[in-house]
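Visitor: Quick note, the sequences are listed as chains A and B, same order.
72 is the number that numbering that gives the first Met the number 0 gives to position 73 of the first sequence; each next residue is one higher, with no gaps.
57 is the number that numbering that gives the first Met the number 0 gives to position 58 of the second sequence; each next residue is one higher, with no gaps.
Hints are computed from structural coordinates only; laboratory data are not their basis.
Check each hint, because a few of them may be wrong.
[Said to hold, decoys possible] Computed, partial: chain B to chain A, Cβ under 8 Å:
#1 A24
#2 T25
#3 K66
#4 L81
[Stated by the list, open to error] Which bits of chain B does chain A cover? Going by a derived footprint, with three or more residues having C-beta under 8 Å, they are:
#5 28-34
#6 68-75
Only a predicted model underlies this, so the values are computations on that prediction, with no experimental measurement involved.
For every residue, glycine included, the Cβ atom is placed at its ideal position computed from N, Cα and C.
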Amino acid sequence: MNEENVTVVDARGSFCPGPLMELIAHLKDINVGDTLELLSSDKGSAADVPEWVDKVGHEMVSNEERDGIWHIRVRKTK
Amino acid sequence: MSDQLSIMCVSGLHERIQMAAMTAATAAVSGTRVTVFLSMNALPYFIKGHTIKPPQEGEMGKLMASKNVPPFKQLFEQAKELGGATLHACSMAMDVLGVGEAELDGALDGPLGLTRFLSDAADGQILVF
C-alpha cells in the first residue's frame, strides 16, 4: 500500500453515527483509489462502518483494534 | 431497506429527536431518499432563536449529555449535506406556533403539508419518533 495516500481521520471520543459521518465527509475530499484511516473508540461504529462501506461499494482494507481504538481503513472506489 | 424513508418526528424529548436524527443521517448516506417531517413538540427546536434544549426522557438522555454524542441538529444537517435528505416543518404546527417560513432554522427546506408528506411516503417506509 502506498502510505502517502492514506488520510487519517480522528473520530476518537465520538459516538455512533459520528465516526461514520466523519468518514463520509472526508471521503468526498480524497481521490478515487486513495485510502482513508478512521480512528474510532466506538465499538458500534467498528461494526457499522464496514456495513456502510459494503452497501455503498467502497473497499474495506482493514479493521483492527489496538488498545481500545479501532483503525478502519477504507479505499475510495468511485 | 426501501429506497424512500419518511421520518415523522413529533416528540419533544431528546432521546426521540436524537434517534430520528441518527436514523435520518445513516439512511441518507446509505443511498436512501429521506424526508423528515418535524411537527408537534419537535418543531419548536427548529425555530430560529430557540435555545432551550429538549428534556431527557430517561437515563439514556442523561448519559448522552455526559458523552460526546453528535448533536441532533448536526446529524440532521449531515443527513442533508452528505445524503441529500430534505427537512420540512409541518405547516399545521407552524400555524399553531404562529411562525412563518423566515423563522425556521436555516437547515429546513420549508413547510410541508401532511397530505403531500403522506403522498410522497406512500411507496416507502414511514418511521415515527
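Visitor: Could you run down the list of hints and mark each one as holding or not?
Guide: Going down the list of hints, with the structure as the test:
This hint holds: B:A24 has a C-beta 6 Å from the nearest C-beta of chain A, less than the 8 Å allowed. Below 8 Å, beta-carbon pairs count as interface contacts, and B:T25 has one with chain A at about 5 Å; its hint therefore holds. Interface hint status for B:K66: upheld, as the beta-carbon distance to the closest one in chain A is roughly 6 Å, under 8 Å. The beta carbon of B:L81 comes within 5 Å of a beta carbon in chain A, closer than 8 Å, and the hint placing it at the interface holds.
A stretch counts as covered by a chain when three or more of its residues have a beta carbon under 8 Å from one of that chain; for the segment 28-34 of chain B and chain A the count is 3, and the coverage holds. For the segment 68-75 of chain B, the stated coverage by chain A is satisfied: 3 residues place a CB nearer than 8 Å to a CB of that chain, which reaches the threshold of 3.
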